[in-house]
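Protein chains in written order, with the working numbering: chain B, 73 to 360; chain L, 73 to 360; chain C, 73 to 360; chain A, 73 to 360.
Each hint should be verified, as a subset may be incorrect.
Given that identical chains are not distinguished, each listed pair holds provided it fits within a single copy or across any two copies.
Stated by the list, open to error - Derived DSS-like pairs (lysine-lysine); straight-line CA-CA distance at most 25 Å:
(1) Lys342 - Lys328
(2) Lys233 - Lys353
(3) Lys342 - Lys170
(4) Lys233 - Lys170
(5) Lys224 - Lys353
(6) Lys236 - Lys328
(7) Lys183 - Lys279
(8) Lys328 - Lys75
(9) Lys319 - Lys219
(10) Lys152 - Lys170
(11) Lys236 - Lys279
Hint data in this document are derived by calculation from the structure and do not stem from the laboratory.
Since this is a predicted model, take the numbers as computed values, not measurements.
Number of protein chains: 4
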Amino acid sequence: MKKSTAILLLHCPDRVGIIMEMTKFITDNQGNILYLDQSVDQIDHRFFMRVEWDLENFLIPKEKIAEYIDTLYARRYEMKFMLKFSAERPRMAIFVSKMSHCLYDLLARWKAGELDVEIPCIVSNHEDLRYVAEQFGLPYYVFSINKDWSNKREVEEAEMKLLKEHGVTFIVLARYMQIISDDMIAAYPNHIINIHHSFLPAFVGAKPYHQAYERGVKIIGATSHYVTAELDAGPIIEQDVIRITHKDTPETLVLKGKDLEKIVLSRAVKAHIDRKVLAYKNRTIIFS
Amino acid sequence: MKKSTAILLLHCPDRVGIIMEMTKFITDNQGNILYLDQSVDQIDHRFFMRVEWDLENFLIPKEKIAEYIDTLYARRYEMKFMLKFSAERPRMAIFVSKMSHCLYDLLARWKAGELDVEIPCIVSNHEDLRYVAEQFGLPYYVFSINKDWSNKREVEEAEMKLLKEHGVTFIVLARYMQIISDDMIAAYPNHIINIHHSFLPAFVGAKPYHQAYERGVKIIGATSHYVTAELDAGPIIEQDVIRITHKDTPETLVLKGKDLEKIVLSRAVKAHIDRKVLAYKNRTIIFS
Amino acid sequence: MKKSTAILLLHCPDRVGIIMEMTKFITDNQGNILYLDQSVDQIDHRFFMRVEWDLENFLIPKEKIAEYIDTLYARRYEMKFMLKFSAERPRMAIFVSKMSHCLYDLLARWKAGELDVEIPCIVSNHEDLRYVAEQFGLPYYVFSINKDWSNKREVEEAEMKLLKEHGVTFIVLARYMQIISDDMIAAYPNHIINIHHSFLPAFVGAKPYHQAYERGVKIIGATSHYVTAELDAGPIIEQDVIRITHKDTPETLVLKGKDLEKIVLSRAVKAHIDRKVLAYKNRTIIFS
Amino acid sequence: MKKSTAILLLHCPDRVGIIMEMTKFITDNQGNILYLDQSVDQIDHRFFMRVEWDLENFLIPKEKIAEYIDTLYARRYEMKFMLKFSAERPRMAIFVSKMSHCLYDLLARWKAGELDVEIPCIVSNHEDLRYVAEQFGLPYYVFSINKDWSNKREVEEAEMKLLKEHGVTFIVLARYMQIISDDMIAAYPNHIINIHHSFLPAFVGAKPYHQAYERGVKIIGATSHYVTAELDAGPIIEQDVIRITHKDTPETLVLKGKDLEKIVLSRAVKAHIDRKVLAYKNRTIIFS
């Protein structure tokens, strides 16, 4: 059986002795450390750490741990931290439009047990991919948005209500071709993951493969990032690229890009589910 | 001994029978075709071709070939073509500032016989790299540009005069940290090769590694392109990338990027010297 | 509607004029050439070509084309050729064992219209992946092979019979963990595509990720190749790699490798379906 | 001015509290930790760590530190450790034969200040590259080995004597085309760095590019490793690869491979100089 663990992600101004203190806190209370990775931002003099420990013999009750960390360390070290428990699986909503490749890739991994996550619902602005949801026995909700966006606000309110009912903890935009409003972004800060089909910051916005073709680049990419209020400008979680040639057309770029998109998005989603991502300023620390 | 060959690069509207006609022209006149590569732009319906043949038994005199091609084919097919001869080695001027990595990489390859080129001169706005030129026994000219650019025009005129005296046929900007004026660009259209230390079109302009750090990208790149009037926007010849992590600082990005820059620039320069690059619109066809 | 085309793949000793002759043959008979790519092996002095043309106004009846090519060119040029028609979709059998990632990747692409192929059956030595076949409404046949291989011959005969009944034209081993016998290989020469989970020729045989871990490599790979009598030694169609670190275990290598495997296999399968692969000696020419 | 630092590389069976103990040891003695990276081998349950601290106010005298670590920790934790000081620059001998690309790459970096190393001598079995040594003002020693290897032993003794006189601390084989004898390997355990021009373990031994061509691979590589008694089988420090096509010949593979070789070798050499490599069993831990 999988161990019940606590996962602590933190960052604070870099000071001597923080690793020592935090590992002492865990081991003194009989927590067996299973994972530790840390990193220092040499420019901002900021310290980042991810530590995971077995809760089996841990002396502090699970529901008290955050309080203790807050009292004992967070204030002293001006620390920001997140405490997660392996027993609490994240609940992921997937938003899609008409292209199936990212959705299939996520669901195939989930079915194969690679993603430790619940998928309470799939949301779309189109009926097109209902059959995929049905193949996997998942509920599929369609919210049609008018061309003139006249119902955008009420649609998003209905979506938010649905997400709440389903206890959704984070959202994946798997080639969802709709702008997310600031309200929804604010409700899920650094918890909406998008895949943009370019090597950001190149080719922001619409039709990046056509932009890439016009510019004559020799390499194309895909970028997965947290959604922030500014379009395609949030903290980047993962990127990858593929070499192309002058023989490629926008159509072959779209095909080649699909492979990048699904792999890059799924890697980012897995890192998020495994609590290995820490967003700081507009960057991410990805623990190994 | 190396064979004396003719190299024909051409493009024209795509029409049936062009390959057939051109190869027939060469073989009918007893030219032995050593290389043929072609490509069709499916969007613009444009045909691109590079063909190289042995001149040994070719019936048409070398100095008449261009005329024949022009008369027989170029007008009929609305064709643009360049005719080059392997016996006429290109003459390359290298422009540098203070960083030596691209210069060393070019000169080491040249010394090893990898680049079939003459290097009549190295030009700089600083004294710093004179020792490298001296190591390789090459003339080094310094043209100091005032901070306020007050002598920019007369400096460029002196440079152009020098290039002319040395019979320079193309220019390589090997991390030359000066803007080239429109006059010089106009004098060497698609014959000035620059290396930009980013994955263009991301991070145009100054300090791209710092921009990359700020944006939090997970991959950095380098781009070699022909210089046009618009900054960092000319036809791309070659690009490459390297994966980075959140542990990188602008300083380590600079170090990692140097490896990319020199390899990407040298590949582009070699393709140009070997007459394997055809610029069309703002793209390049790179023949294999 | 998709055009009805003929696709000719050929190779022969390199001689002047073959492109000219073949393109003349097609255009003289009013075939509109849609694609032409050629390549010369400079070591073996061998010429390779792929040409595709529209059959709409072609003067030679479809069923006579092969005969004409054979009579007019194949004998004269000692040419080997394959003639295919876009109207005749290949029929692909997929063999699987217990891992679903390659199967899902192929089926998701097929469902999205990326693979121009029929899938008459999925074959396995285990029940495990029946649910995937059912999700996509495809027949799934299980042939159990005894641990001592005592029924290996009769199982393969049954499989061959099934493949024949279903008109299967080529086989994809999508992480099928069984050796294919020489008889079956002989029945489908260069028509069985395997994915091996290493960067061949490194780590032939069983448990390549464990071998990679033991050897301490810094990069792992996957290789798709045609199956020949010698294990993991057939002509390579496609390979790709990913960087790893000392922190990886055999388990994380397996996870990272799965991404490579499915992409590499699917690319190879697509190239085969699109008739863009020509096997010669133990190598492949992949037309662009 | 560069700080005077101590660098401790260690490995031992993984046990709770080692990071805590070691960092406490350093900070209690007023050492300011500048760098800390650690890693756990989850298979062998082994702990690896690199820590670097400022010696300025460190209470333990430099020459006593090793003794203290040995007494206080190494025995208790069954720890193996190396203690290095930034003030003691490694002394690198470069062995070459006839190809200049790796040598130029190393010397150009050294000249640009990228490699914190002394280069007391360049050693060769041929006169060919003396001019490169002279360009950089470095002593160049030629030791001719007879075709029948009759003087192999006495040559290596002379070389070892030379290395000793020059205080050489590690050796780089920069495309040195001679087998190193077991005696010399034993004298420099994990201190001889080789570049092999293939993606090891594929294509061990002679003419790997020809082997790669014959096998028809789609990607070639280069591998830098520590030399051990078994040919091309020592711990790998760095690898990289490049995509090739069916159009490549052994000759173009050699050209493309040279770019890989020099970059891969120089990265490995830099990691070694910076004391970021720890060899364990037949693998390496590369600290970030």
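Hint-by-hint comparison with the structure:
no.: 1; hint: Lys342 - Lys328; verdict: both (22 Å within a copy, 12 Å between copies)
no.: 2; hint: Lys233 - Lys353; verdict: neither (29 Å within a copy, 51 Å between copies)
no.: 3; hint: Lys342 - Lys170; verdict: both (23 Å within a copy, 22 Å between copies)
no.: 4; hint: Lys233 - Lys170; verdict: within (23 Å within a copy, 40 Å between copies)
no.: 5; hint: Lys224 - Lys353; verdict: neither (30 Å within a copy, 41 Å between copies)
no.: 6; hint: Lys236 - Lys328; verdict: neither (36 Å within a copy, 34 Å between copies)
no.: 7; hint: Lys183 - Lys279; verdict: between (32 Å within a copy, 24 Å between copies)
no.: 8; hint: Lys328 - Lys75; verdict: between (40 Å within a copy, 23 Å between copies)
no.: 9; hint: Lys319 - Lys219; verdict: neither (36 Å within a copy, 44 Å between copies)
no.: 10; hint: Lys152 - Lys170; verdict: neither (39 Å within a copy, 43 Å between copies)
no.: 11; hint: Lys236 - Lys279; verdict: neither (32 Å within a copy, 45 Å between copies)
Going through the hint list in order, the structure does not satisfy hints 2, 5, 6, 9, 10, 11.
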